[in-house]
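Undergrad: Sequences and hints are given; from them, build the entire structure.
Number of protein chains: 2
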Amino acid sequence: MGSKKYTLINLKLILAFFTKNFGGSMSIDIESFFNKDLPVSSAKYTGLPKYHFIGGNNSKDNIPINELIESANRSLRKNGKNLALYGHNSGPLGNLSLRSFICTYLKNYAGMELNTDNVLITSGSLQALDLVNSIFLKPGDTVLVEEATYGGALSRLKKQGVDYVGINLTDDGICPVHLEETLIDLNKKNIFPKFLYTIPTVQNPTGTIMSEKRRLEILRIAEKYNILIFEDDCYADLIWDRSRPRALYSLCDDSRVVYCGSFSKSIAPALRVGYVVASWEVISKIVSIKNDGGSGAIEQMILADFCSKKFDGHVNKLVKDLKAKCDIMVGSLEKEFGSTAEFSVPKGGIFIWITLPNSVDTKKLSIISAKKGITINPGSEWVSNPNNGTHKMRLCFANPEIDVITNGIKKLSTLCYAEFGVPEISGNVERNS
Amino acid sequence: MGSKKYTLINLKLILAFFTKNFGGSMSIDIESFFNKDLPVSSAKYTGLPKYHFIGGNNSKDNIPINELIESANRSLRKNGKNLALYGHNSGPLGNLSLRSFICTYLKNYAGMELNTDNVLITSGSLQALDLVNSIFLKPGDTVLVEEATYGGALSRLKKQGVDYVGINLTDDGICPVHLEETLIDLNKKNIFPKFLYTIPTVQNPTGTIMSEKRRLEILRIAEKYNILIFEDDCYADLIWDRSRPRALYSLCDDSRVVYCGSFSKSIAPALRVGYVVASWEVISKIVSIKNDGGSGAIEQMILADFCSKKFDGHVNKLVKDLKAKCDIMVGSLEKEFGSTAEFSVPKGGIFIWITLPNSVDTKKLSIISAKKGITINPGSEWVSNPNNGTHKMRLCFANPEIDVITNGIKKLSTLCYAEFGVPEISGNVERNS
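Going down the list, the protein sequences come from chains A and B.
If you use numbering that gives the first Met the number 0, the first sequence corresponds to residues 0 to 432, in order.
If you use numbering that gives the first Met the number 0, the second sequence corresponds to residues 0 to 432, in order.
It is possible that part of the hints are untrue.
[As the list claims (entries may be wrong)] Okay, derived cross-link-like pairs now, BS3-like style, lysine-lysine, Cα gap no bigger than 25 Å in a straight line:
#1 B:77 - A:49
#2 B:80 - A:322
#3 B:43 - A:106
#4 B:316 - A:80
#5 B:35 - A:158
#6 A:137 - B:316
#7 A:80 - B:322
#8 A:77 - B:157
None of these hints come from the bench; they were simulated from the model.
Just so it is clear, the structure is predicted and the values come from calculations on it, not from any experiment.
TA: Structural data, given as structure tokens:
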């Protein structure tokens, strides 16, 4: 290239540098190119708040680092060359050894009869939700959800233009009477829901564990009204006594249940490894639309090695520590909120679902507390009818350290009193009015 | 649970087992629940064909297994606890160290001035395509693409209901005259394309490398007609002499270029690690819709450690080996197809883009050859106007072993002759008619 042209290009570069860094975004209106109706742009990440009770984060001390390193060594040494291939030599369903583990595990714990073609590894169970929704749902469709349920599932349905109707919950999960009444009512209006989305084992957020008897009732109704069931079992490993009811998938007479699970809660959320389990008809249809080049291979390889040897031992220890943290949070809630905080003591999982008095707006509380470094999930974002969650909140006990739990709950009760006048008693001491 | 109820449940289970495994799928018409217009369900995976010339798979021998293991050890020991958090303590943009590496690398090689807030780690560059399309495009929009381009990009646009118009290519990439003519023509019809999608550095599939002079012309036209540019640089590391032109992103006066890259081709495709680079306005908007809980953390941690120490050395060796394989494939094509196969010898990358005589329908050839264990990419799936690719094919030389390349090309020429009568000469020997 001639020196004149080179100088010209460099002058342009200098101009570009100054324009872009000190005025570049002013010379093009990038906003005008965005689609309408996108969410508000994200703020810059400034780290996690001091008292972080939101999301499904896990316990740091229980990440099995040494074992994961050993598994990384073994699996990369054995299969590292397969990284050169999309599908790392296992094909589109994901790592074959990991799928074998899942089959064995779900047979032993959940009574599910599977072969590896019934299992598809996904990038977290979030992708499982997206894929299942993609093959069954279109804008204007209707699904049934539990009255209180996973907020991320609701936001996905909303984004897709799918309507959802909440079914009442009891201590034993979904209320079959309300389920049947709702189906009769919808069918009369010519509305035929595609599926019922349920988290029957350690329900998110209520924490209930649906009995096998109840599961059979729900299945009977699903069959009678010809709806599918989408069973989300992400927390099912985290029951304190490690005994799980058999899955809806295994209790079902036919193949109307589509099932998903995850390693986020049993091992670590940042791995992004989940799975769909279903009939081959459903799996093969999902694969036809899963055009992401596969999910991350190294996590799959590591988990395949780790789980086959260490899964049960690891989870047994994890649930012990989770229960201990749960007990701490329960104790703190009782001490700081007294009778104003109503909740069931979980038999597993990582959350407590709390009902506060009607005078407390938990959405407002969440905004106030966030400014003071305490994040909580307001109930209105975890229910199908927002009015049903106005006084509720979900708190995660898995990730915070013990002192964070105790101090955070105490500070939260103080903020709650300051704003809403409850709880009047904290730590057995009456607050000054 | 009473023994009567237990027996009843078990009888139901036995019935369910037999129904599901020997007749279950017959008792529910799952097809009736699927959305219409889904692709045909996938077939079961039966492994890779013997002569596998499709896709962007990489060279097995160049996967740096020992170094990846060392990096896994170091990064997990140092940061393994962060796996307990969604975002593994780096937040939604992805691993901070990896983003730092990308900033430094792209500054040195592509002249891009960045900070870590301009970089978002994605699950492969495929997710980058999906995210960028999601914020800018809606059904009925129009984009410009290179006349021959990445087939996966075209299928995504089609699926989204977005129209695309192909711009002619030359030995120096996009033809600026045709670009400008097309924009004038579309604007007259009140069509205002959102962006131009381009792969300027080792173009897929043609292999060209757009000069900086040409880049400035393209940028001038983009600014004149106010379109964005989506620059896909996935192959840019794989130039034989490792010298890259400066990116459109860096040559641009303003922030109209959105850029994506990947570690699939420089390290390994199964890792699923790519990145978007853009102004903070664009990055923050993408983050607002990236609701997947983050991309796989272990791959990011490993790459952050590996790349900071070993990236250049690794890629220098990789391109040497890729060039050697390229030379083998070039030699085989010349020997087996002679003058009937027209192609430019690549200066980088992993593909050769071949034009055969008009009598050869490469789509038909791909079907015939697949039955004989030879997979090729037919040109009609790699061009915006399918008629422009009827006699073309794309072959990947990176993954197959040397004998697979030579034997595969030989067999392909034999099949081609049997079906289409060309090439008449193979290996300097005239074929029997």
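Undergrad: For which of the previously enumerated hints does the structure constitute a violation, in increasing order of number?
TA: 6, 8
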